[in-house]
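Undergrad: Take the given structure of chain A and dock chain B to it, following the hints.
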Amino acid sequence: MNKPCIMVVDDEKIVGDMAKFHLEAAGYDVETFVNPVLALERAKTKRFDVVVTDLKMKGVDGMEVLRTIKAISPSTQVIMITAFAHLSTTVEAFRDQVFEFFPKPIKIKDFVAAVKRALEAKGAESDGA
Amino acid sequence: MTIKRTLIWHSITIIGLLAATGLFALHDVDNLVTMTRFMEIQEKLNASFLEMRLLEKNYFLFKDDQAIHDIANSIRMVDGTLDDLSRDMIKAAGQEKYQDLRHALDAYRNKAQDIAASKARDEDSEMALRESGRQVLEFSTGLTMNARGKIGELISGSKRNLLISFPLFLVLAVFSTPIIFSRILSSLDKISLLALEVSQGRFLKIEGPVQNNELGAVITAMNTMSEQLRLREDELVQSKKLNSLGFLTAGVAHELNNPLNNISMICQTYEAMYDSIDAKDRLEFVSQIAGEVERIQAIVMSLLDFAKPKPTIFMPGGVNAVVRRSLKLVRNTLDVTNIEVLLDLTAGLPLVNMDVNQISQVLVNLFNNAIQAMSEDQTLAVRTRLSPDGMVEIEVQDTGHGMTPETLSSIFDPFFSTKGTDGTGLGLSVSYGIIKNHQGQINVQSEIDRGTTFDILLPAVESGEVENE
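Chains as they are written, first to last, in the numbering used here: chain A, 25 to 153; chain B, 40 to 508.
Just so you know, nobody snuck in bad clues.
In silico lysine to aspartate or glutamate, EDC-like type, Cα no more than 16 Å apart, as pairs: (1) A:K82 / A:E36; (2) A:K82 / B:D374; (3) A:K82 / B:D416; (4) A:K133 / B:E310.
Beyond 10 Å from chain B on every Cβ pair, some chain A residues (computed): (5) N26; (6) C29; (7) G51; (8) L62; (9) K68; (10) T69; (11) K70; (12) R91; (13) T92; (14) P98; (15) I103; (16) F125; (17) G147; (18) A148.
Here are the simulated distance ranges between beta carbons: (19) B:A386 / A:E88: 32 to 38 Å; (20) A:A148 / B:V339: 42 to 48 Å; (21) A:S97 / B:D374: 26 to 32 Å; (22) A:A148 / B:R489: 46 to 52 Å; (23) B:N377 / A:A148: 31 to 37 Å.
It is worth saying that the hints were derived from the structure and are not from the lab. Glycine included, C-beta positions come from ideal geometry on N, C-alpha and C.
Chain A on its own, in the form it takes in the complex (with noise of 0.2 Å):
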């Protein structure tokens, strides 16, 4: 069996390195981004089960991998990193097709499970497909 893979889009190097690590450790293949436009780049090559993406980008924000990612692989589950716990109205309006708001600072262990949620998820919806 493949492991599953992983994206993470953050324009912060650290917040990928950190992730990285604990989502290596947990079993997982990870590829991170600090540009958005690179990881939409390389989603059109590869399928990731999990696409985790920072909201607020320079350039390509957060809504954009999100259009996109779904418009490429509608299945891939996506996590939305958020600073504000305020969303704004245009994000509110995706809010069915992001599979969980994660608030910054990040808890990592919170993290690592709300991803290991979202494969659950994700493999869900195949089995029913």
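TA: Below, chain B alone, put in the same frame as chain A:
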């Protein structure tokens, strides 16, 4: 001396002089009337005495017995007249002269009575009567001459008084009145000038010695007021700055959140995976933490720098640098709200004599207002250019909800706010004060649903120096 006392003394002096001149004139006229009446009496008496001398001639020369009785009658009549008019005559000619006349007349009467009784016509009697008559006439004529002299003196005295008092009036009117008025008016001019300056937001003071009068008190009060207003404005500027800070904090919180999250994640990783990370990675972790702490410090420093009260310092500086610096302060707010910035800064603009912190405060305030007026994905445009009349212009344009003309007319008024409890209503009023204090102008145009444009015009420094980009 107070103005009130000066004016009172001035009036008293002029009124006193007028009254004194009037009284002197009245007194002189009174004397003249007395003397004139005396002259009339005296002339009548002279006529009587001349007639008596004629009667003497009739008696002695033409042997007219009736004549001596006529003389006695005349003397009686004159006596009566002198008794009746004794007061007027004494007043005009003096007691002594009056008495001399009476004595002379008495002597003449005695002689006439003796001759009437003895019917004498001898040479001695004639000589005695004639001598007596001559003396009476002489006294009387003397009195007339005396009265004429006195009338002459009175008239020339009157003339002299007028000649003295008129120049005195002239001096008072021509010199002292303008001096008093110009002192009051020059003080009033200074006060009205200061009032004008204060009303335009320039809290100056009237320099120089202050007169110890009512206007001096007003000037002192105005100076105190101006100073108080200046202090209040400083306080307002500071409070407004702290208010802007509240709005900036939302953006700053986001900016702080990233390095804090980074540190937090490193720490969690360090703790959870201590055994599995090698020494090189551990060192890397620590240096990353140090880097993130520096990021936080830089953010905190820029906030502290903005919030700190600073004395107003005017220095020649470039507006483009201030625009960039101010945009940096709202950078995160812009990111959070997803608002684009269109920057169009003209290079090589003349320098402006300004307090960089205050102009930055004005810009941050305008940026914040613009951001609050807009929704996501709209654009904030900031342009700098040279205005046609040689001033340096900063334009802040948003594409937000705009303002009605009614709102527009009061936006610079203190405590006017459209933001309810979210605003103090002081931001633009303080900005207005700051720009006025820079001898500049701040203008605004707005259209509902189209957006608002603020224009700040600041005078260029005269040295002709330009901003190096």
